[in-house]
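Residue numbers (the working numbering), protein chains in the order written: chain A, 18 to 336; chain B, 36 to 323.
Think of the hints as simulated: they come from the structure by calculation, not from any bench. Here the structure is a predicted model, which means the values were calculated and not measured. The C-beta atom is built at its ideal place from N, Cα and C for all residues, glycine as well. There may be inaccurate statements among the hints.
The following label-pair restraints were derived from C-beta to C-beta distances [as the list claims (entries may be wrong)]:
id, chain 1, residue 1, chain 2, residue 2, range
1, A, PRO200, B, VAL295, 45 to 51 Å
2, A, ILE150, B, GLY165, 42 to 48 Å
3, B, ARG200, A, SER221, 44 to 50 Å
4, B, ASP210, A, ARG213, 19 to 25 Å
5, A, GLY207, B, ASN221, 37 to 43 Å
6, A, PHE331, B, ASN211, 33 to 39 Å
Just so you have them, the derived chain A footprint on chain B, three or more residues with Cβ under 8 Å [what the hints assert, rightly or not]:
id, region
7, 137–146
8, 301–312
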Amino acid sequence: MGLPTQKWSRAEIAFWLIPIVAFFVFPKYLTLGSQIMIAALFALSLDLILGYARIISLGHAAFFGIGAYAAGLLAKYGWGEPLTGLVVAAAAAATVGLLTSFLVVRGEDLTRLVVTLGIGLMLYEAANQAAFITGGVDGLSGVQMRKLFGVFGFGLDGKTAYVYSLAVLFIVFVFARTLVRSPFGLSLRGIREGERRMPAIGVSVRRKLVAVYTIAAGIAGIAGALLAQTTQFVGLDSLGFPRSADLVIMLVLGGAGHLYGALVGAAVFMVLQDYLANLNPVYWQFWLGLLLVLIVLFARGGLLGLLQSVQKRFGASRR
Amino acid sequence: MIGNFVGVVFDGIAYGSLLFIISIGLSVTMGLMNFVNLAHGAFAMLGGYAAVVAMTRFGVPFLVTLPIAFIISALAGAILERLLYRRLYRASHLDQVLFSIGLVFMAIAATTYVFGSQQQPVQLPAFLRGQVHLLGLDLGTYRLFLIAVVIAITFALTWLVERTRFGAAVRASVDNQQASAGLGINVYQVFSLTFALGSGLAGLGGGLGIDVLGLDPTFPLKYMVYFLLVVAVGGAGTIKGPLFAALILGVFDVAGKYYVPQIGSFIIYFMMVAMLLIFPRGVLGKRA
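Next up, chain B with everything else stripped away, as it sits in the complex (with noise of 0.2 Å):
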């Protein structure tokens, strides 16, 4: 009964990983650059596709298709961003929300005209399959490499914002745009890198995903709640905000789903009402 409540815990932190890593990029775009950008998601898919491409067409082996993934979606989200969304930056949120929702819809549509609507499968390599026995519980492997990643990328985010320059670059722009334009940072450089860090990273979450998520065309819709709940909760321009909004999130509806199926998927709507009811400018947002 415990080693199976540890279980699903431990279940729910691999998922929860896994939702923070694709939403990280919009926590920092939605605080960087104040920007809606409901078509996060889209990014996420193209990367999980991009990995089963790699994987059936050409052979790749499974760890090498996630830094596949990473790139094209960063390299998509840099073009996007510079011809597209950079336009919109001063746009109302009401511009902003449509503007990506259609290209939510344009993503899903020409991702069934080409893949066509099915799951992809994904063949997880022979080392990553099955369980580990530690400390007397089973853990499934997969999601063990899953948490391993994610702490890595967390500390390796971490660093990059607290100790590089183009760290500072970043939280200064974050917190007064003009004033950082004023000292000589190349505050729409400072975006657009930012923008594809954030859309690979969402990337390499939708390669990592798809033994989790799954991954069909609608993934973005279907997903999309989840993302802007994590930032919504977590707060936007921050890293810890997030990673602790997506474990508490992913704990909790996989619990629910696992104990209480009947109103599973409730417990997360409700935890959303009740967490911005308690924190409306998220957990551990700082700007109003």
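With the rest of the complex left out, here is chain A (with noise of 0.2 Å):
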């Protein structure tokens, strides 16, 4: 494998006209393509941690939370305007981000999987208690959005809240695909192969995994504030641990390491749940289940490593 490069394929640009030829194609499922952006957008934070630097997180909603409560409060006491609101959630989630990566960095894979578990917990807890701030149990009604630029309203219809999506959704991965291609990512990739061969080469392991574990928890906050500007409310739910959850099985569907993998994970997992779930969630949960116990055992790489090992075997026969 040579360095990665910036150029852009054609199969990414043909991946990105997908969403827009959505757009006028089905426009009865605007909202389900809303939630499908946002869930991408939120396994793509977990990408950078869990694919590039093989931080195992079970408390990653504990960020989407926080940038969901962030947006929604700012929105409901009076600043209703999107963007700064997105700025203002990516910031409050990014910090806490920062203070509870140096719990998570420190330690090993059980002890990361304890803590990330514990941190989003305490939080799901703590939002909870605090019912006379976050509505508690009943969630946050009452989020009143300007429109976006001033223009366009977020109506019924869902088309502001799909277009809104599906640009931050892109703007965010374009800086992610920037990110991991970058020196930062090579030395992010160094540290997932062997980590304790990395400060050989002078590279500070603790200081790199603090940097993509706050970056990440940045980007998880803007996954939840878009959430909460979309639907105009934020449920206890979204700190919740079926959320954590559930973003792994979407990230390990995909493929992990990706970032395509990311967002086509989700994109399956969501429509799969719009139709599962609506006819029997506990069966849901097992084909769930059953789902994640068939990735680990027979295809590990997820649908994109599916995709590749077909390429590459397709590739040696021609050849």
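Dock chain one against chain two, each of which comes alone in its own frame, and use the hints as you go.
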């Protein structure tokens, strides 16, 4: 594998045309579409720490929830401008990410697992207790958004929400893509492949991990804020463990460590969930569990991994 | 006031004993096979349901349901270890986490399908109900029973690990798998047996714990963080470490929920952060 370049391939450009085409072809599914985009953005943030830095987190919803509550509260108490809301939400989530990163970075996989899980549960409990601010189990309602750029209102047709989510997703994706292909991204990959060797070539493992954890927390915060702004509601479940677990599933379903895997996984997961969970939520959980077991046993690279191996075989037979 | 305090500590110890008996198997699998098994609570749940079914459908007396819970969970553990877990001993921790979460989801869904989502009742026999008057204190009989059972099991386990040939093989395999295999120890058989034993103990804990922890399909998720905490704080691969960690967590959790109910559920997480900061490798952890 050579050094990554910043050039965009045709397949990538084609990929990004899909959501634009979908906007015109499936006008009835725009709400689901923006949900997919938000999930994809959230999965993208996890990919940075899990796919690139191999930090296993079972509490990433903490940052999603912080972003959602930050944006929701801001809009509820008078500042309903969406873009600044995103910035504030990202800053809030990144701050908490930075503060907790010191706990997460030290220790091994098991410790990280427990610490991320614990921080997630702690925030959930805090939001539940602070019902006078967050609305507790009833959720935060009364979120009033202003028009985007003063022109586009968040109407019931979901058009603004769709385009807004897509634009934010794309901009953050470009940022993440640039990041993982930069020297910083390469050193993350180095840490993933051989953490002990990196200090020998002068890389401070700790500092890189703190940095990427903070960035990922900020992006998760943006995803949460998007959900709060487009649905004008924040539920306690935005902080819950099921959201963190679903997120990990989306990422491994698509394939971790590609960025695109996060997007594909989120889309497939959300569509499946939309279809199957409406039939029966209990069965959905069963299939989800089975899916995870099968991915681990037979398809470790996720969907993109499968695609790559098919491509390789196809390419080899042609030669 | 002081009697009250002693009562809270006593309840905490009983609760911690229960956490210990369920988590000890997880500690062993972590230490021996370096396997992060989030589905450990599912074996405890299986034991709990086995005990409930034996009691309510077949009228088995409570004390007899406990060995049944142990055997059923141990069997399930042995079978799953042979069919699935064994394939993943060399996989990354991420794969192990994903795989075991998948198992948890399937266990929850299957249990909900068979038994419904409600709490399961347990009818304790008369001699375990009520209170015992001891040294001027009223102590719950069942909690005394719990503590007694756990003390007995701890001694039995310590004997098993320190005095028997099997125990020696386990200790050797924890210290160095390759060297043990080279000396003719069948490491995979040791793995299977310890996994079954750990699952069985979790099942026993699940059966014992119905009265204290409750039993419904979300059990493996609800207590997952507690079991993980016991192992992470106590250090994997020992008996004393998890025992110590479980007792501390039990006492602080009960005391927190009793004295400061508003922030009661935070105490355990604060404890966790504090203890992991002080002992990143566990209180008695020996391996990096």
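Verification of the hints:
1. PRO200/A to VAL295/B: 45 to 51 Å: holds, 49 Å
2. ILE150/A to GLY165/B: 42 to 48 Å: holds, 44 Å
3. ARG200/B to SER221/A: 44 to 50 Å: holds, 48 Å
4. ASP210/B to ARG213/A: 19 to 25 Å: For ARG213/A against ASP210/B, whose Cβ atoms are near 21 Å apart, the range 19 to 25 Å holds.
5. GLY207/A to ASN221/B: 37 to 43 Å: Once the Cβ atoms are compared, 39 Å apart, the range 37 to 43 Å for ASN221/B and GLY207/A holds.
6. PHE331/A to ASN211/B: 33 to 39 Å: violated, 45 Å
7. 137–146: Since three or more residues must qualify, the claim that chain A covers the region 137–146 of chain B holds, with 9 doing so at under 8 Å.
8. 301–312: Per the Cβ count (6), the hint holds.
Going through the hint list in order, the structure does not satisfy hint 6, though it satisfies all others.
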